[in-house]
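A.B. asks: These are the residues of each chain, in order.
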Amino acid sequence: MPEIIKNGRVQSDDWQVLRLAEGEAAADAVLPAGHVIVPLATWQARRAELLPKAEAGTLGVWLAGDEDPAALAADLPALPVVAVDFPKFADGRGYSLATLLRTRLAYEGELRAIGDVLRDQFFFLLRCGFSVLQPREGKYTTAQLEAALASLRDFTNPYQGAVDRPEPLFRRQPRSPRQEDAAR
Amino acid sequence: MYQYDEYDQRIVDERVAQFADQTQRYLAGELSEDEFRPLRLQNGLYIQRYAPMLRIAVPYGNLNSKQLRTLGHIARKYDRGYGHVTTRQNIQFNWPRLEDVPEILGLLAQVQMHAIQTSGNCIRNVTSDPFAGVAADEIADPRPWCEILRQWSTFHPEFAFLPRKFKIAVNGAKQDRALIHAHDIGLDIAHDAAGALGFRVLVGGGLGRTPIIGEEVSAFVPWQQILNYCEAILRVYNLHGRRDNAYKARIKILVKALGVEEFARQVEAEFIHLKDGPSTLTQAEIDRVASRFDDPLLAPLPQDAGYRAHLAQDKAFAAWARRNVRTHQVPGYASVVLSLKPYGVAPGDVTAEQFDAIADLADRYAFGEVRNTHEQNVLLASVREAGLFALWQQARELGLATPNIGLLTDIISCPGGDFCALANAKSIPIANAIQDRFSDLDHLYDLGELELNISGCMNACGHHHVGHIGILGVDKNGQEFYQVTIGGSQGSQAALGKVIGPSFAAAEMPDVISSLIDTFVDNRHDDERFIDTVRRIGVDSFKTRVYAERNARLEARETTNA
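These protein sequence lines map, in sequence, to chains A and B.
Take the first sequence: its position 30, counting from 1, is numbered 30 in the UniProt record's numbering, and each next residue is one higher.
Take the second sequence: its position 503, counting from 1, is numbered 503 in the UniProt record's numbering, and each next residue is one higher.
Any given hint could be a false lead.
[What the hints assert, rightly or not] Below are the EDC-like pairs computed for lysine to aspartate or glutamate, each with C-alpha atoms no more than 20 Å apart in a straight line:
hint, chain 1, residue 1, chain 2, residue 2
1, A, LYS88, A, ASP120
2, A, LYS139, B, ASP532
3, A, LYS88, B, ASP356
4, A, LYS139, B, GLU35
5, A, LYS139, B, ASP34
6, B, LYS165, A, ASP91
7, B, LYS77, B, ASP356
8, A, LYS88, B, ASP244
9, B, LYS275, A, GLU167
10, A, LYS88, B, GLU33
11, B, LYS165, B, GLU35
12, B, LYS167, A, ASP91
13, B, LYS543, B, ASP511
14, A, LYS88, B, ASP34
15, B, LYS248, A, ASP66
16, B, LYS248, A, ASP120
17, B, LYS543, B, ASP532
18, A, LYS88, A, ASP68
19, A, LYS139, B, ASP527
20, A, LYS139, B, ASP244
21, A, LYS88, B, GLU30
Just so you know, these hints were derived from the structure itself, not from any lab.
Assemble the whole structure, with the sequences as input and the hints as a guide.
C.D. replies: Right, dumping it as structure tokens:
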């Protein structure tokens, strides 16, 4: 069973990500039993059929880097999980997609990073609003993931606002001008 | 210069710990080469031709004497006794060991320095006018804005993996000295009709493989909104910039593909949502950041009689003062450019001893502060007129007083094929050969202002496109050749040079430059600058003479050989 990072802990997880094989039509994909995250195209092609599953909390949707999260705007309240795929960890579109889902579309449910999700990007992913980090199965041992939890706290007080802390440092903390420093 | 508070210091300290852990995991084989690459690049660490190269951030070029001494120490202990000032105002070391880099970063953190985002596909070190805060033609000091942008862009979680690198420059003077037309975002401080401060925003400039002059996407963004506006630009780019081809991934390609109007429309559509949001700047924050610059308080001084007497008596001093000393905002003070272009040395190289010596000069004459210039020299921003003569004498002994600022031999050059793995050709020997040909100072002064820039490959680190004369190293069947452009310029009238024709072998280059100079001298009106003559008479006269004289040389050689 894949392991994920959620709520600051390593946990087992039973959500499966459905990826279409090359040439496979989104409408024809066979859904595995249990909790499943389907591609946006499958969701759009079979929305009526899949909506009850989403409402029952067993089906979510994932977005690719070139897909517009606004396409899900009306469905977000019904979806227990939205995932954003990182085809390569250096493809940074997912950070903007997550930010838009959280800020522009006010999505409050579970937001997963899937695909090439690496521990050295965990900090940035959380800042952009992901609540679940799902590295590829087998990428890390449980011990490595446990060790990676420390990197969630790499930086105590980042400068800029982001989804996790919308206010920038200068609004969150009183920062002193030079003269006050000198007076100490 | 800007003094860290506890938050700034903590972020840098935490970065050192983070990178030490990443390096250790890489060396232990837990991180693959591909996984480690962006991590080390975002700490300025390249794997170069002979050794790693570490690029250290010098935010908008500002350094203090303590930092210079640390750089000298690093040069001595971890490198081969020297460092290099880059065309983006940073410092590079060419020989550190990968294993030593966390330790070097630790030393840098102790003096409020780092190597954060000096490479990689992220927002790079913000650059600006080296004369910021002292320039006579200043509209507003760009440094607080640069520092605000530095903080905003440092570890910005959304923009750490952009399609390609992203460079921001800020100009606050009438004459642009920050190359804002050649940056991904160029910010030009301006006032609106009501006198409020803001920024004219240029996007999509850049040199490199596809040189493009940036275009205006907004005539005026109020200062309160500048981070929101930059965020809008970056988001449009992050989502829509090309990721399939690294050569077409810069924002300039996106702007060209969409057209500047459509690009500006998309930015505006994003900006509407961000405007007045939490990142909106406040006067209190601007004031706080500005207050953390420990600039000396300079009271106007009367003209110094001793300085004027030395100028009248000492021809060499007067020549240096004419070229290397600039007018200051405050009467009785001047700005001094220390030249890193003595003959026979790679442009921009600084030895460990010179780092220490520049620190001493800064402490004695310039309130402990220096700035790197993108022309690869070092500036002492505020020097009392009364100190100029003694400063000159000491700088001369240190090899830092070549009186050639802005002249033909004040060459901008990348490290080239001697160091860089990307280079097609060497650049430093070409720079040295040209400096050797034009070593007569009187002749140089007669020729007047002339900017000659050399890049060893089309990545254009030597800014050859905007040199009055530009030289580009190219590879022809494994041989090093050089393509020449003329008519480029930096500044408010930024322009890209035009290629004069087929490329030349290395040995021909001094003669080629001589042909260009002779054409200029024969056609020059009065004290016209080279660039103005090119603009007036066009490229063709230059081209015709260069190739005619080249053919004559080749024929003469064949005759001799026959």
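A.B. asks: Each hint should be assessed against the structure and marked as holding or not.
C.D. replies: Right, here's what the structure says about each hint:
This hinted pair checks out: LYS88 (chain A) and ASP120 (chain A) have alpha carbons roughly 13 Å apart, not beyond 20 Å. For the hint pairing LYS139 (chain A) with ASP532 (chain B), the CA-to-CA distance comes to about 61 Å; that exceeds 20 Å, so the pair is violated. Distance check on the hinted pair: LYS88 (chain A) and ASP356 (chain B) sit about 45 Å apart at the alpha-carbon level, beyond 20 Å; violated. Distance restraint check for LYS139 (chain A) and GLU35 (chain B): the Cα-Cα separation of roughly 12 Å lies within the 20 Å cut-off, and the hinted pair is therefore satisfied.
Pair hint LYS139 (chain A) plus ASP34 (chain B) holds up; C-alpha atoms about 14 Å apart against a cutoff of 20 Å. As the CA atoms of LYS165 (chain B) and ASP91 (chain A) are separated by approximately 13 Å, the hinted pair is consistent with the 20 Å bound. For the hint linking LYS77 (chain B) to ASP356 (chain B), the alpha-carbon distance of about 14 Å falls within 20 Å, and the restraint holds. Under the criterion of a C-alpha separation no larger than 20 Å, the hint pairing LYS88 (chain A) with ASP244 (chain B) is consistent with the structure, at around 12 Å.
Distance restraint check for LYS275 (chain B) and GLU167 (chain A): the Cα-Cα separation of roughly 14 Å lies within the 20 Å cut-off, and the hinted pair is therefore satisfied. At most 20 Å may separate the alpha-carbon atoms for a hinted pair to count; LYS88 (chain A) and GLU33 (chain B) meet this at roughly 14 Å. Among the hinted pairs, LYS165 (chain B) with GLU35 (chain B) is consistent with the structure: their alpha-carbon atoms are about 18 Å apart, no more than 20 Å. As the CA atoms of LYS167 (chain B) and ASP91 (chain A) are separated by approximately 19 Å, the hinted pair is consistent with the 20 Å bound.
Note on LYS543 (chain B) and ASP511 (chain B): the hinted pairing holds, with a Cα-Cα distance of about 13 Å set against a maximum of 20 Å. Between LYS88 (chain A) and ASP34 (chain B) the CA atoms are separated by roughly 11 Å; this keeps the pair inside 20 Å, and the hint holds. A hinted pair counts as satisfied when its Cα atoms are at most 20 Å apart, and LYS248 (chain B) with ASP66 (chain A) qualifies at roughly 17 Å. Distance restraint check for LYS248 (chain B) and ASP120 (chain A): the Cα-Cα separation of roughly 27 Å exceeds the 20 Å cut-off, and the hinted pair is therefore not satisfied.
For the proposed pair LYS543 (chain B) and ASP532 (chain B), the alpha carbon gap of about 16 Å is at most 20 Å, so the pair holds. The hinted pair formed by LYS88 (chain A) and ASP68 (chain A) meets the criterion: a straight-line CA distance of about 19 Å does not exceed 20 Å. In summary, the hint linking LYS139 (chain A) to ASP527 (chain B) is not supported, as the alpha carbons are separated by about 68 Å, beyond the 20 Å threshold. At most 20 Å may separate the alpha-carbon atoms for a hinted pair to count; LYS139 (chain A) and ASP244 (chain B) exceed this at roughly 25 Å.
Restraint check for LYS88 (chain A) and GLU30 (chain B): satisfied, since their Cα atoms lie roughly 18 Å apart, inside the 20 Å limit.
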